[in-house]
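Asker: Read off the chains here:
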Amino acid sequence: MEVIYVRPERCMGCRSCEMGCMVQHSKAKSLAGAILGGERPRKRLFVEDADGSRMPVLCRHCEDAPCIKACISGCLYKDEKGFVRRHKEKCIGCWSCVMLCPFGVITADPENHIAVKCDRCHKLDVPACVASCPTKALVLRDVEQIPAEKRRRLALSETTGREVA
Amino acid sequence: MHHVILGGSIAAASAAAAIRGKDPRAEITVVSPETPFYFRPLIPMLMDGSRRMEDISYAGQVKDVTRLISDRAEGLDTKRCVVALESGGELGYDRLLIATGSAPLIPEIPGAGALLPLRTAADALELRKAASNAKDALVVGGGLVGIKAALALGKLGLRVTIVEKLAHLLHPRLDSRGAAAVEERLRLYGIRVITGETVAEVSTGKARLSGGALIEAPLIAVAIGSAPCTGWLRGSGLKADGGICVDENLMAGAGGVFAAGDAASFTDTVTGLKINSALWTNAVEMGRIAGENMAGGKLVCPGIWRVLNATEICGIPMVSAGKTEADPGEEAYAGGHFGYRKLIFDGPRLKGMLFMGDVKGAGIYTNIIRNRTELSERQKQKAIEATLGYADFAMAGAR
Ligand SMILES: Cc1cc2nc3c(=O)[nH]c(=O)nc-3n(C[C@H](O)[C@H](O)[C@H](O)COP(=O)(O)OP(=O)(O)OC[C@H]3O[C@@H](n4cnc5c(N)ncnc54)[C@H](O)[C@@H]3O)c2cc1C
Ligand code: SF4
Ligand code: SF4
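Protein chains in written order, with the working numbering: chain X, 2 to 166; chain V, 841 to 1239.
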């Protein structure tokens, strides 16, 4: 299985990934077009600043996903590829998922009363954020290629939904 | 191995999935007196007509149950390992899960028979029917369920009054300041709120409040909380203190008997006090742990939550967790530029949080509370400034 692998040491904080994400998830498929068309495109990943170190934080598509367990309407589910996605029409905007995602990457769209999250660009070969990153701080990797120790940490954080230092 | 689960709601569904995950050949029987497997928190939408029963059902997703029996447990003999059923029969088990949930509390006042609770899908439809013949309604109880009921009645065109015995709405999920904001918003939506009072007496079409006022109320809904359904266990030898007492593996004393969800009581993660579980999230987690252990696992339940709520009321998104009022020795930081934010710390540990208006990143905070994470000075400062993110933990090791 391919995962989006984050290499924070390469991140310059340019936010190209956020931009790519917003564009991909707009109807117009361009930033100018979206804004002119009255859309308010929302990003699904967040470049955070930890006192000078930058890091894109994105959905892990957790194994035992806390957001799915929190959902009181059956909106969130795991698709056949293992991506955590929404049945949009079922969301009631209760924000239970926002309350329990340990990474803070599922957010409230208050205008449309719907939770917004990464869908792993399931229709694309390469997710928009990965394609947009000029320094390759975001890359697609087969889980098998990730060094064992990192994989252990990644798996731990993905399966437990807890942060791993 | 024959697993019997009493109750067909979320603790049951979660347990069934966990049992099946560990033992593909397990035989799983669920006993439920009502339509099983629907999203209980969505019944206010059944009431206001925005959802139908088939929209809120997840029965189609529950694939792990071998047999479903429409009946009610009436007694338990832990020596013979059998459950007595209301219909007269008996049901034997190897492992038993009590997931009978909770039932609404009804105040002991004259005329209480006229009060309509909101706990089941059937209750919601009953209220909907009653609303079609009424212009005014009184809702007794200003908690989450009472407010949802009031808003549903308002949506159906009724003039609604909420009466809450405590000094403010939504205790302990909100503090007084947060509750004041909700109260103001409810008034804007045409709902009258009376606090510090309750109903003293009900007679045809009218309710007398404890302060003496007489209110026109052909429809009176009651939502003053719920109590674990454990009455039928009298004489079984199982201990119940509010909810059924369980050990850290969620075992209820007798061999092979477990309890999970609203029917059980357990330790609050944050205060260490024994509480009744009354939350969806607790029921999911306890159900999973009990299910694993029924199938031979040894999972330990780390604790449950008294307060862990997210919702949106009249356009105000809100999340609260742990506690919303500081105890002696704890520090509270309250404020916020956009909406209202409150954090309660015991030294470097976060004990409680309340976000209203902007709920982004709430899960980072609930996770810190759950894990009893010791925050650095810098992390604590960023939490107070509302700039704390996941990167502040991920990068802490890297620097
Ligand atoms: C209107 C409303 C809104 C809510 N909103 C939220 C929310 O936003 N967030 C949240 O965390 N929680 C919410 N809750 C609480 C949440 O629904 C419960 O905590 C949760 O349903 C508990 O699940 P459970 O499986 O333990 O029991 P329940 O859902 O109570 O189900 C128990 C089942 O057992 C059956 N039963 C009872 N006695 C017997 C018996 N003797 N034999 C066999 N079966 C029996 C009952 O008929 C019932 O079907 C809400 C509740 C209500 C009513
Ligand atoms: S809990 Fe958060 S990180 Fe995990 S799948 Fe859900 S949204 Fe993604
Ligand atoms: S906001 Fe939507 S997706 Fe999130 S828990 Fe509520 S219903 Fe589910």
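Please note that a few of the clues may not be correct.
[Claimed, not checked] Listed below are the simulated PhoX-like cross-link pairs for lysine-lysine, each with C-alpha atoms no more than 20 Å apart in a straight line:
| no. | chain 1 | residue 1 | chain 2 | residue 2 |
| --- | --- | --- | --- | --- |
| 1 | X | Lys-124 | X | Lys-79 |
| 2 | X | Lys-89 | X | Lys-70 |
| 3 | X | Lys-89 | V | Lys-1046 |
| 4 | V | Lys-969 | V | Lys-1046 |
| 5 | V | Lys-1046 | X | Lys-70 |
| 6 | X | Lys-70 | V | Lys-969 |
| 7 | V | Lys-903 | X | Lys-79 |
[Said to hold, decoys possible] Computed Cβ-Cβ distance ranges for the label pairs, DEER-style:
| no. | chain 1 | residue 1 | chain 2 | residue 2 | range |
| --- | --- | --- | --- | --- | --- |
| 8 | V | Met-893 | X | Tyr-78 | 42 to 50 Å |
| 9 | V | Ser-890 | X | Gly-34 | 28 to 36 Å |
| 10 | X | Lys-124 | V | Tyr-1029 | 37 to 45 Å |
| 11 | X | Gly-34 | V | Lys-1114 | 38 to 46 Å |
| 12 | V | Arg-1074 | X | His-123 | 49 to 57 Å |
| 13 | X | Lys-151 | V | Thr-1107 | 48 to 56 Å |
| 14 | X | Gly-34 | V | Tyr-1029 | 35 to 43 Å |
I should point out that these hints are in silico values taken from the structure, not numbers from a laboratory. Yeah, the Cβ is synthetic: ideal placement off N, Cα and C, and Gly gets one too.
Asker: If a hint holds in the structure, say so; if it doesn't, say that too.
Answerer: Do the hints match the structure? See the list:
1. X:Lys-124 - X:Lys-79: holds (15 Å)
2. X:Lys-89 - X:Lys-70: Holds, because 17 Å separates the two Cα atoms, which is no more than 20 Å.
3. X:Lys-89 - V:Lys-1046: violated (43 Å)
4. V:Lys-969 - V:Lys-1046: holds (19 Å)
5. V:Lys-1046 - X:Lys-70: violated (43 Å)
6. X:Lys-70 - V:Lys-969: With a Cα-Cα distance of about 33 Å, the restraint between Lys-70 (chain X) and Lys-969 (chain V) is violated, given a limit of 20 Å.
7. V:Lys-903 - X:Lys-79: holds (16 Å)
8. V:Met-893 - X:Tyr-78: 42 to 50 Å: violated (20 Å)
9. V:Ser-890 - X:Gly-34: 28 to 36 Å: Given about 33 Å between the Cβ atoms, the range holds.
10. X:Lys-124 - V:Tyr-1029: 37 to 45 Å: The hint (37 to 45 Å, Cβ to Cβ) holds, given that Lys-124 (chain X) and Tyr-1029 (chain V) are roughly 40 Å apart.
11. X:Gly-34 - V:Lys-1114: 38 to 46 Å: Roughly 58 Å apart at Cβ, these two residues miss the hinted range, so it is violated.
12. V:Arg-1074 - X:His-123: 49 to 57 Å: holds (53 Å)
13. X:Lys-151 - V:Thr-1107: 48 to 56 Å: violated (35 Å)
14. X:Gly-34 - V:Tyr-1029: 35 to 43 Å: holds (37 Å)
The structure fails to meet hints 3, 5, 6, 8, 11 and 13 from the earlier list, while all remaining hints are met.
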